[in-house]
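J.: One letter stands for each residue in the lines below.
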Amino acid sequence: MADIIDINTLFGPRPKEASDLSLDDLLALRETYSVTTSFTLSTIGILLDFRSGNSATLAACSDNPGLLPAATINPQKCFDIPNTIDEIVQKGFKLLRVFPEIQDWEPDYAPFITLVRALNNKHLPLMVDVSKPGVASRIMKTCENSNVTVILSGVDETCLAEAVTLMQENPNLYMETSHLLGEGVIAHVARLTDDSKLLFGTGSPANPVLSSLTAIEIADITDSARSNILAGNARRLLNL
Amino acid sequence: MPVFDIHTWLGGGVVPGVAGNASQIIHSMAARDVEGAIVFSAHAMLADATAGNRILKSTIDPHPNLYGGLVTNTNRIPQSIAIMRELMLGKKFLGMLITSPHPEQPLARYVADELINAYRRYSKPLFLPTPTAAHVHVALDIAREYPMLKVICLGMGGSEWRAAINAAHYCPNLLLETSGELNRTKLAVTLEVIGFHRILFGSGSPHVDSAASKAVVTEAELPSQVKEAILYGNADKLFRLHEEEYRM
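Heads up: the sequence lines are chains L and F, in that order. Once you know that position 130 of the first sequence is 130 in the numbering used here, the rest is easy, because the numbers rise by one and skip nothing. Once you know that position 144 of the second sequence is 144 in the numbering used here, the rest is easy, because the numbers rise by one and skip nothing.
By construction, these hints were calculated from the structure, which means they are not laboratory data. Note that beta-carbon positions come from the ideal geometry of N, C-alpha and C, so glycine has one too. Among the clues, some could well be false.
Unchecked claim - Heads up, incomplete: computed chain F residues facing chain L, CB under 10 Å, no partners named: (1) Val14; (2) Arg32; (3) Val216.
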């Protein structure tokens, strides 16, 4: 059975959904598709209060061994970013996620610059949701003099060429696959960059796990590349 | 489970060597167990409706499992009506799509009406791209104005799919195509509100791989006969795919 690490799952309330993104649904989907490990995050941390959200995430993960906690910070609501980052590392989070478009802040926003500086020399990869052209370029501009590992999440056809160009230029840049659903896209990106730069993610339980999984399974890549994308790259990058 | 994809494109993708010609489309369909598809021309959508639709015709003509969706543009009414007359009488073109110079905005009704009035005589479904709720509202207006016309919302409102479901609830000649947001719950909600007879599988391929789109249907908690209807049966009935005299 394939080792699968899903680096993009969420749980909690989300107003655009018919109901909350249920932790039970997430767990059931993990079982259905034999997902070994899922990084997860409470939507409370994105939508309302990152501290409460991080606590909810830790609580969910402590009750469910297959879940690993991803932290978040809303730079608009954090007045002591360096200490907050230290706390996040101490609490055992292995991934930090930020959501500039949902929270409506810019990649050259001073608190975000501070956040990137605070992450320098800490082994805490930063996953950034991007869906509009130009955002990834500006994120990388902010990160250019740091050694922070950045994972772009939510990249779709509209910002694919931008993300690939940035990945070719930045050894510390990776891409999550939940929106790489176009025909031939996974194989194309793997050819243009390196299959070690892609990390499997689904966005479940909002998004169907099977869509993301099928995109990897059907991709014209080697079995070894497939296995790296599904789990190996995440294991290496996130020290699992 | 047979699959008929009512929404695919010739050209327009970002990956070279994908959906650029009939052979690439057919190879992709075979690899994904898709039996047949309606193909729209990206050339007609983005550049030149007349040339794009003609190229599409010559692309699909030799292939019995490929059908055409004519693309017309409100910015080129005379040319659109001319290409409609040239191609819609043929049995390979199963419907017509209307776009505008600003597809991100909903259609201007008073301009679209000219095309719809010219199109009614063919008694075939009308495809309207509906990436937002605002587009869905215009589709609803059109469906109400032309109750004999089947109006298909391509993309069913994108992330605002609830608007498409509500619109279909109020208008029996409005149908929903499944591409748009790949959301795990939207089909179950749609089924609850309007039943399954007006839901048609479409992928938007190559922008979204039809295998990934199909997974939304297969993963949904729906009875298998409902999945079969969405993936094939409803399109079969609507487009009369098995009526040989109609197809030839």
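J.: Run every hint past the structure and note whether it holds.
T.: Checked hints:
no., hint, result
1, Val14, "holds, 5 Å"
2, Arg32, "holds, 7 Å"
3, Val216, "holds, 5 Å"
In this structure, every one of the numbered hints holds.
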